[in-house]
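K.L.:
The residues making up each chain are set out below.
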Amino acid sequence: MAKQTVSPAVSTPAYTPRKEDFVFLPKRDIETDKNFASQSYWKGVFTHFFKNRRAVVGLVIVVLIILFSIFGPMLSSYGYRDIVQYRNEKNKRVVAKGISPQIPALHELFYGEAPDNSFSEYTFLFGTDDLGRDLWTRTWYGARVSLLIAFITIFIDMIIGMSYGLISGYFGGRVDNVMQRFVEIANSVPRLVIVSVLAIFMPKGMGLVIVALLLTEWIGMSKIARAEMLKIKEQEYVLASHTLGAGNMHIIFKEILPNTIGPIITQVMFSIPTAIFTEAFLSFVGVGIVLPECSVGTLIEDGFNNITTLPYQILPPILVLALLMLGFNFIGDGLREALAPKLEDM
Amino acid sequence: MTKYVLKRIGLAVLTLFIITLVLFLLVRIMPGNPFPSERMSAEQIALKRQEMGLDDPVVVQFFRYIVNLFHGDFGKGTSLYYGAPITTVLTTCISNSFKIGGIAIVLGSLVGLVLGITAALHKGRFLDGLCTVLSILGVCVPSYVFLIFLQYTFSFKIPFFPYFFDPSRFLFSSVIPAISLSLFTMSTIARFTRNEMVEVFDSDYVRLAESKGMYGRSLVMKHVLRNALIPIVTVLAPLVVDLLTGALVVEKIYGINGIGKLMVDAIAGEGIDYNYVLALGILYSALYIGIMLIVDLLYGVLDPRIRVSAKGGDD
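In the order they appear, the protein sequences are chains A and B. Following the working numbering, the numbering of the first sequence begins with 1 at its first residue and continues without gaps. Following the working numbering, the numbering of the second sequence begins with 1001 at its first residue and continues without gaps.
For reference, chain B alone in the conformation it holds in the complex (with noise of 0.2 Å):
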């Protein structure tokens, strides 16, 4: 078991090492000019050049940089919040995105389970078709339309949530960008909930377990839950990563100071800050590849047949 964990995490260490290399010599190589020219003078440009170093040797500057990553260092933004270090703009934005991305996915992952845990208990019936209907709402309408409508509705027409997000009152200005993240990954997990369900209570253990005589909740939680969860788990990491692009435009439209909206403005603002794409680059990969990382493992720790496998050596 260690030594695949040991792997798992060399692996992965190894591709965004991999990812960070290719990213930081195709914004380096990359043509052109990283500053908006426009409006400086060639001596002004060179001068900056040297500033940040850019006149060094590609691999001088790649290793620099990587050792400033380790001292969580991401460097400066050429174009953007001028002069000011990535860092410190990163540490606030993360905070916020992942404050509200957290609640976004328990909230989430809560009632989708419990939608999905209702429509296999009535299969069939009238609330499994309920909970069918609002999970394919939620797979089809993408997360900001949802954001726009609750905006509409709750902010405008009826004035009682704020219109922006206003950091002073968090919780009560991240309730609807919360709601309308949380919709995509309720539908999903109420769906896979559901399915995974109705697939265990049709298996020959749970049908033993009824003929033994247990029934009603303890042989839902111990019996059918506990086995429908593991491939639950496994939809979670694309999930978490789903709500990281829709969580893009939730917070660009909802004014929201996190990772996403950063984004957004690096790539589609006035100039492309080159140091922010390749930070933002980074840190999305990492955020991936470690989403990845863990629900591997947490899969392996979820289910024994896994462990056993992984001893027994795939490739």
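Same shape as in the complex, but just chain A (with noise of 0.2 Å):
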């Protein structure tokens, strides 16, 4: 009722905008500095990371692997402990014993003939072992559990490490003190002695594998953990969590330990080749994965037995570990670099 009364005297129809009412400022005007103001920190570190042409590189080899041994004894026919065989007709049992790397299509047209042996049908891209296992299936099942083994422990470690070293650098004085004298005692343990002590309470296999990573790879993470710690603690915005009444866990747990996340990720990039390093040489040496179990480390000492007769067996493996080394230290470097970019690279 009240609004007829008033509308009539308003005798301008309301101003709806159009568009052209409206003009963009000059671009000038507005631009802001890419490098610093417009990014989030983590979103400058990702572009950062991508730019560099070797991270890039390592990352694709390691997700290629990483892929491939998700999927690649799926894609294979046979298990990673079958041993490929079929009955003939006389009903005598033929196995595809040392058959080297094959394709039948292949084969057949590079040299007009399917290849010389009772497998011509059969694909076997990276032949088979001396016992007629796939080398396809295997390799990839082995770099499965090399790589499970690294990233499980490695991910313990973090949590050891990261914990200790904060804890040891936030209170800092006496704490510090004995924290770090058993660092540094545990530090002058070689890996080796470590292992072989190990193996006397131990069973062979991979616990001895995973304890062993367990107990020498967190030191490492520690130390980048405090060093961050005694970087960050003297901040104010930790005074201020401090004297807003958070307790010691809060300001570590969730005000420090997000800032310090970088370095201690660099770190384990680092970490995970190690892993899958010391795993394959204990494999190699015989502590490692037994029977029938495979990994990188027993699929190498494999390939080295049957050196002499089967010589393409050894280089899958091989392959697989210098790539995942090659990957996880070109990401390592990367990521590195990423977080801390030198003036000159922006």
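These are computed hints drawn from the structure, not numbers from a lab. Since the model is a prediction, treat every value here as computed from it, not as a measurement. Each hint should be verified, as a subset may be incorrect.
Derived CB-CB ranges, DEER-like [stated by the list, open to error]:
(1) K1123(B) to V60(A): 25 to 35 Å
(2) I1029(B) to H242(A): 50 to 60 Å
(3) T1092(B) to N88(A): 52 to 62 Å
(4) E184(A) to H1071(B): 26 to 36 Å
(5) V60(A) to L1130(B): 39 to 49 Å
(6) R93(A) to P1085(B): 48 to 58 Å
(7) P1085(B) to Y86(A): 27 to 37 Å
(8) I152(A) to G1010(B): 50 to 60 Å
(9) T1092(B) to Y86(A): 46 to 56 Å
(10) L244(A) to F1070(B): 54 to 64 Å
(11) I261(A) to P1231(B): 20 to 30 Å
Every residue gets a Cβ at the ideal spot worked out from N, C-alpha and C, and that includes glycine.
Dock chain to chain to rebuild the complex, using the hints, since each chain is given by itself in its own frame.
P.N.:
So, in structure tokens, the structure goes:
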């Protein structure tokens, strides 16, 4: 009611803004500093990381190997423990022992005939080993085992080392002194010695490898975490949080931890290849993964045992190992540069 | 300076003592039986235990062990090299391992330095790329893989070098293991040298030396290399330790009678030999700590700034 009485008094109709009323400002006036202001910290790290050709190559290699280690065994029709065999017309077993890599179609293309063995229709991309197992399946299955061991142990090591270093650095003083002396002693025991003593306690196998890695790899992580903590703990926001009544654990793990995560992840990237290397080493020596399971290390050992008769057998696991090392090292280098870019790279 | 050195040495000895204690306790308190029991009757085991003094209290055993250690006596093996005194076995093994390891370190450092310097002087050009690829290869592939390849190519396909180690032709047959062991050292040193030298080339004092008219070899040798070397010395310690680890498999594969092979036999052989594990554990720890100590002190000699700050008193 009231509205109707008022509206006739205002004669002009309501103005609706049109598109032309709005004009863009000249671009130069609103340009911002792309390097710093417009990007969040992590976005900056990512763009910097992906600009680095090596780091991207490393990432692609690692992702490819991870994908292959997940899907590679599925692509093959043989299991990693299966001996490829069939029964011939006389009902005798024919086992695919020591067949070098073959793809029948390609073989026919190049030589005009099927491969000259009793498995002429079978495809073995990496060949078969001395017992007649498909090496393609075994290689990727072994890579899966090695990667899993590395990821699991390094993840746990990260948590242990990070907490240790952060707590040691945060409290400082006597706590730090005692904790660091312990690290010093733990750090002066060679990994070999730890492994050999463990071998007395534990049965050979995956457990031994995991415990050996758990006992050694956290130290590097804790050193990085402590150094970061010492850098950060004097900053104002920590003091502010403290003043507001936050507890020590809250400050360490909720306030400071997120700011130390970059260097720790870099350290993780360097620890993973160490873990893979150690696993391969232990398995090669014979205290790591035991048969019939396989890992990169046992595959290299198998290849070495047959090197004079089946020299192609050692190549796939070695290539996988080398590419993994390469990939993770490149990623680590790339991350380190991306987290602390030098001025000239900006 | 003397105080700093003494403090470092004291700490190293203390650490070694603690490690020995822990190792000893772990090995002695271990449940189970250190002898391959399937082949021995209960009376034999009891006799053997008594002979080796395993029935005494652990404290007594430990002090006896320490006293024997000072006499250079590591005791006797329990299963592996039955009855032979460990010290006798160790002496031959150590000398073999050290000779080959020494060759590998010297070879690796020299070639690595040359590669690194070449790469730094040709920064961004073809030679730099080549050296980078070489050093990446050396870091990514374990030494025993190199050994397998060298052995396969130069001892099996082209039978020039012996297929296994032959002590009567020491130098000739240590070529392959020494080269494969040196590759990791070589590539790490090459990469480090290159990066350090590139950094030093950019520094103000090198620019000053250049502007004063210094160039060529004397600039590289006197100003760049000397300062680039300091950080390189620090990587040498972990490198030597890595070499020890790598030597384990290399010695095992190539049949070299060294401490690495002994270690592999002790942990992965038929029965684990407790006393060998203990002796080798102490030996490896001592080596490791000793190398760290030497590098720490060497670092002080090479870089005067460290000496000054050490006098100023860190914690």
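K.L.:
How does the Cβ-Cβ distance of T1092(B) and N88(A) compare with 52 to 62 Å: does it lie in that range?
P.N.:
holds, 55 Å
K.L.:
Within 26 to 36 Å or not, the Cβ separation of E184(A) and H1071(B)?
P.N.:
holds, 29 Å
K.L.:
Just to be sure I understand the hint, the distance between the Cβ atoms of T1092(B) and Y86(A) should be within 46 to 56 Å; is that true here?
P.N.:
Holds - the Cβ-Cβ distance for T1092(B) and Y86(A), about 53 Å, lies within 46 to 56 Å.
K.L.:
Looking only at beta-carbon atoms, does the pair P1085(B), Y86(A) fall within the given range of 27 to 37 Å?
P.N.:
violated, 58 Å
K.L.:
Taking 39 to 49 Å as the stated bounds, is the beta-carbon spacing between V60(A) and L1130(B) within them?
P.N.:
Given range 39 to 49 Å: violated, Cβ gap about 23 Å.
K.L.:
Quick check on a hinted range of 50 to 60 Å for I152(A) and G1010(B), using CB atoms only.
P.N.:
This hint is violated: roughly 40 Å between Cβ atoms.
K.L.:
Range first: 20 to 30 Å. Now tell me if the beta carbons of I261(A) and P1231(B) are that far apart.
P.N.:
holds, 27 Å
K.L.:
Given a hinted range of 48 to 58 Å, is it respected by the beta-carbon distance of R93(A) and P1085(B)?
P.N.:
Check passed, 53 Å falls within 48 to 58 Å.
K.L.:
Is it true that the C-beta distance of L244(A) to F1070(B) lies inside 54 to 64 Å, as the hint says?
P.N.:
With Cβ atoms ~59 Å apart, the hint holds.
K.L.:
For the pair I1029(B) and H242(A), does the Cβ-Cβ distance stay inside 50 to 60 Å?
P.N.:
The hinted range 50 to 60 Å is violated for I1029(B) and H242(A), with Cβ atoms some 45 Å apart.
K.L.:
May I ask you to test the hint 25 to 35 Å on the CB atoms belonging to K1123(B) and V60(A)?
P.N.:
This hint holds: roughly 27 Å between Cβ atoms.
Going through the hint list in order, the structure does not satisfy hints 2, 5, 7 and 8.
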